[in-house]
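Asks: Chains A and B supply the protein sequences, listed in that same order. Heads up: the first sequence at position 9 corresponds to 9 in my numbering, and the numbers run straight through without jumps. Heads up: the second sequence at position 73 corresponds to 73 in my numbering, and the numbers run straight through without jumps.
Hints are supplied without guarantee of correctness; some may be wrong.
A short list of chain B residues far from chain A (calculated; beta carbon distances all over 10 Å) [claimed, not checked]: (1) 8; (2) 10; (3) 11; (4) 12; (5) 16; (6) 17; (7) 19; (8) 20; (9) 80; (10) 84; (11) 110; (12) 114; (13) 117; (14) 118; (15) 120.
DEER-style ranges, computed between Cβ atoms [as the list claims (entries may be wrong)]: (16) B:84 to A:17: 37 to 45 Å; (17) A:70 to B:17: 33 to 41 Å; (18) B:118 to A:70: 18 to 26 Å; (19) A:11 to B:9: 34 to 42 Å.
Hints are computed from structural coordinates only; laboratory data are not their basis. We put the beta carbon where it would ideally sit given N, CA and C, even for glycine.
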Amino acid sequence: MIPWAQGAALLVTAAGLVAAPAAYRMVGDARRALAVLLDFLTAAGLVRLSGDLSWNGVLTAAAVIALRHLITFGLTPSRSGSAPGARPWVR
Amino acid sequence: MIMSVELLPESTLSDVIGLMVRLVEFAGALVIFLGAAWAFVQFAKAGLKGRGRVAGFNRIRLSLGRFLVLGLEFQLAGDVLRTAVAPSFTEIGQLAAIAAIRTALNYFLGREIAQERAELARGEAPEGRRPAEGMPT
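Only chain B is shown next, with the shape it has when bound in the complex (with noise of 0.2 Å):
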């Protein structure tokens, strides 16, 4: 007679893992959403100020970008965490297009954050002025 005695059963690490991506997504998604509320309260009170606040419009929409790229980093660890238990060839799919989109994303909006800083730094560029690399905002 064989005795097996698992120690951890793979159902369980299913479990756990599921909870810990969750937890982690549920993190991300957070993020962006205070990023979203704190900005939105931002231009609010900029915008019943008045015009001419192009340089604290830039740090609003800075630190938004910010936020968006934090909560990715949050999600796309969630990604990492789902490789660990991914049963179907469809769930592997899914996962590889999610992963795609934010990381891609995440490249995007990092390249925005650094020319949206490099203009902060030199102070405000004259307008249409767009940054070397020519990459949208």
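Okay, chain A solo, but in the shape it has when bound (with noise of 0.2 Å):
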């Protein structure tokens, strides 16, 4: 991987990691605050895509999009107000 990417990856990981804290207190929201650290670990996994274009470099990319997607999906109230995971199925 090159080494500026790696670097730059790293960088915005840790600006994510204290953004989170920083989002909690601005909204005092939890599921907030988590999508605010997603979206670091978001933009990180694609400047490290931008040096690393091997399988590896792919795999983790996809993988932490993915779950990304699955946590706030998970994370994210119904319509109808109830817990998460009873999101209606059939519409």
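Two independent chains are provided; combine them into the complex using the hints.
Replies: Here's what the structure looks like:
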């Protein structure tokens, strides 16, 4: 992997780890703070992917992105306002 | 005796495209990095000021999403350039996987940005309320 991409990705990850608590302090909502952290992790994955054109890099970035969507989907309340996971599958 | 004159040798074309790909990908990574740095500064400043800044929070996330989409556009441009020179099936496979990931992410980020923009336009939505499409943010 290209060193600058690795360094930049690490910096973005660290920024996310600091920005998420700041976002929590800002809105007082853990779900939104987690979304901010996942935004930064996605950014880090994309930066890393630009410097690493290998199967390992591709799969890592895809795993981060898939995990991000899985977590946010699981934490998003359904329209009826019920608990996470109780989202109706048939609309 | 046959004399052939190559105006643009394949190796030169490969080198030029490789350089362009690196430049475009670097530009994309730079845009994403700058967006993340900007969002970090904004979150840190707003976090120090305290609570009750939900509209500001949405605006910062929206801007971060725009930076991500812009950086992805650059990276997709790099992928398109790479298709000009892809000598092996392994490289073509990697290229297809990366392009698929970036295109899917670009699509989802675009939808999220549209939803956040709609929320901002009609004022802050009540807690837990999601847009009609129901896509996660």
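Asks: Quick one: which hint numbers does this structure break? Sort them smallest to largest.
Replies: Failing hints: none at all.
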